[in-house]
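A.B. asks: Following the hints, complete the assembly by docking chains B and C onto the known chain A.
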Amino acid sequence: MVNQLINNQACLNGVCLPQPSIDCWKCPVIKDRINVAELIFRRNIAITRRLREYIFKFSEILRRSYGEDYVFKIMDFCGTHEWTIVHFGIRSLVPNNVELVAGPGCPVCVTPSYYIEQAIKLALEGVVVYTYGDVFRLPALKPVNGAKSLAEAKALGADVRIVHSIVHAAIDAGKHGRDSLFVGIGFETVAPGYAEAVLKNLLPSNLKLMSLVKLTPPAAFYSLDILREKPNDYPVMGVIAPGHVSTIIGGKAWTPIVENYGIPVVVAGFEPNDVLMAIAEILRQLARNDIKVVIEYTRAVKWEGDVKAQSSIRTVFETVDSAWRGIGYIPKSGLALRPMFSKFDAFEYFGIKDLTPEEWRYDLPPGCKCAEVTLGKAKPTDCPLFMRECTPDHPVGPCMVSLEGACAVWARFGGGGLSMEIAKDLGLVM
Amino acid sequence: MCWAVPAVVLDIDEKNSLAYVDIGDGIPRPVVIGIANERINKGDLVMVHAGVIITKLDLEAINQFIEEKKELARELALMAGDDPEKAVREVEEEFNKIFEIARRAREGEVKVVKEIW
Amino acid sequence: MKLEKYIRLAHGSGGVETSMILEELIFSKVEDSLKRVGNGIGIDFPDDAAAIPLPSGDYLIITMDAYTVNPPFFPGGNIGILAASGSINDVLMMGGKPIAMLDSIIVEEGFPIDDLSKIIDSFIDTLRREGVALIGGDFKVMPKGQLDKIVITTVGIGLAKKPIVDVPRVGDKIIVSDYVGDHGAVILAYQLGSDVSTELLEKSRLKSDVKPLTKLMLPLIEKYGDYIHAARDPTRGGLSMVLNDWAKASNAIIVVDESSIPVRPEVSFFAGMLGIDPLYLASEGVAVLAVDPKVADEIVAYMHSLGFVNARIIGEVRKSEKYSGYVLMRTVTGGFRILEPPRGDLVPRIC
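Protein chains in written order, with my numbering: chain A, 1 to 430; chain B, 1001 to 1117; chain C, 2001 to 2351.
For the record, the hints were derived by calculation from the structure and aren't laboratory data.
C-beta atoms are modelled at their ideal positions from N, C-alpha and C, and glycine is treated no differently.
One or more hints might be untrue.
[As the list claims (entries may be wrong)] Using C-beta positions, here's what the derived DEER-type ranges look like: (1) C:2044 with A:427: 30 to 40 Å; (2) C:2198 with A:199: 28 to 38 Å; (3) B:1100 with C:2027: 52 to 62 Å.
[Claimed, not checked] Residues on chain B that point at chain C, a partial pick, calculated with CB under 8 Å: (4) 1005; (5) 1024; (6) 1025; (7) 1026; (8) 1030.
Same shape as in the complex, but just chain A (with noise of 0.2 Å):
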């Protein structure tokens, strides 16, 4: 088989791309059509300006209402969510009765230390590990012939490569063709690109698909049910739901969050608007106790999602019981392979046993609260090893590893906090 670039084509599996034919490489339309969507949703002062009028009469009427110490605990399952919310500065401008709270919404948190040994101890043996790079440097619990991440395996010789897709992957290693292994992290958002790959035969013959997608919903209702057993906290008064994981699942996929907790979801985009848009409509609800499933990020999700992409991933994986580092196994929250693709499965053809519930034992380090903080229990200030033992630099948990992690996202932006305190000290804010 021929996995090459030919002609300075992108060839998958054989298949080559034609040279795409539009001629408008500098196109400004370009830039432009991209822009639209910024220009409303992020750089919109006045927007952001007029939302927040919104949800600081909606947090007053509330306020009025469940009184004055009540706080309005708003969740984010999304590790994207949280990033804008960090990122952008939002817990700055919300009042103070809003709490926004992360959820379980990263991947390369939840994914157990059990497959990154698996996928150090392929590398170290001469495999080509292909990993986003989220995966590269989460460190297993315990090292495997000298390397606790991928990062490190690399460090001793490993073939590890970075790339940004699964097409990505499949081009470089069909140029190679030496056993190649790629780690597939991600939620329902990646997984019809997984199944697409399968199903179109993209991947070369040497490249295997590790499959640990996780589905979002079941991991969405066990930690609401999580945090309903903590009497002595606020509870979750809302929930802001993962925009693009719903692209596919669709904003239906939500509705037993209205119907079991009776809590607002909101279906949001990852713009600072969409964000504070979000809120204003939990808000909203809530003040009007018109609770409902509502998709703010219409120019991107509809109520029924792809019905082709749902297909396509039930077709190539069947849903099985996963386990989620630190928390163990949530029922039906994961996909698998079906046998009748096991040609492209690595566990088939490394021959690496997947995890069981029995074997399964709690993966994460003594001290680390990433479980905790995952699930929404707790905030990574609550945790008696962060910035201490466990910083960006070296990293105990998984949630200080991933970008998207809460812990590093606290780290770097220094969460709602510390920016809010200097900037007050500055005289910045009231």
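C.D. replies: Structure of chains B and C alone, referenced to chain A:
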């Protein structure tokens, strides 16, 4: 959870569910079409996550965003005892201003973008 | 802090890891009296170059840098221009007028002589245009596979009446001369571009900004030298590293306004795709200055007149009673976040 960026579709290979997209840096990159191929046409604005097209951006839906904001303004005004129609007009004016700026920017006026950026 | 067992790439990426390993392995082992010459500047202070006091009262400015870039040819330049401009700029940022250079070239066996000659031609062209003498050097070849193509090390030498030692003062305005992150973006695009053919990569809108800043800095130093309290070119580690270094050196808070930092849309889109902040990407033809607020607007206008039309004020140095050493960013939405110094490798993320 799922980092994604907007991109313009340059070319499509429907048989293999592949496409070339430009995320705005001028480099055509091959990606997998994760969703129904019929939804995607050359020139469309899509969202790309880890080399997978996960949705087509529907800019018409921005109108819906504006409608929702008007609704929000109306409701707040009613609750606060203000004039709801005036609140809605204010929101409309705000967006008209943005669209006007976007239009002038597209016609080549560089300075106007600064007004809201 | 305990040293790790093995060197990782991140140790050389110019961020926090680099500072730490240099401190551990080198700086901590040199006596203070040997960290500089007389009352000059040496490894006792993180700056662009060293300064040695001369009997005449002037200072000799010396800097050294090893240039290794993959690919050696990239849109906007090559490793030759980079090696010349980089050390010229370091001399300039220290307040010096570049006068001479030494180079050490190490090439991998099998490297095309045509390519090498192109690289050296651009290196010498750059020196010629800037009137900088090439006064010595070294040339070595290493066996195939023992070096990644080519490494060029240059020593830049200059003279300064008064070196610019980077200690911004409270009240100073922070100025950048141009769009930031251009060079870092194009290099990263090539390094991560194994899914795209070279031909397609060349169609990119990304282009390195590599250039000597003599035409900007010499007139500026001449006219406003006393008002410039810090000058740095944001190479490895990007604008973020410079601002964080300065926040620490000045014992204050640097407040910057995200919306006024110039980043080209294509750089911002590319960085966006990878989930990387463009403020961590290197520039090779940009100056960052901390200047007296009284003349800040005047300096910006003067920079515009010198052809640097994108120069602008992006922030200022503020005194806080309780905090110091942080860079505080007012985000485009009006919120606040702390701009951390770069850490680790710049790697793409999907989440």
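A.B. asks: Run every hint past the structure and note whether it holds.
C.D. replies: Hint check:
no., hint, in the structure
1, C:2044 with A:427: 30 to 40 Å, "holds, 35 Å"
2, C:2198 with A:199: 28 to 38 Å, "holds, 30 Å"
3, B:1100 with C:2027: 52 to 62 Å, "holds, 57 Å"
4, 1005, "holds, 5 Å"
5, 1024, "holds, 3 Å"
6, 1025, "holds, 4 Å"
7, 1026, "holds, 4 Å"
8, 1030, "holds, 6 Å"
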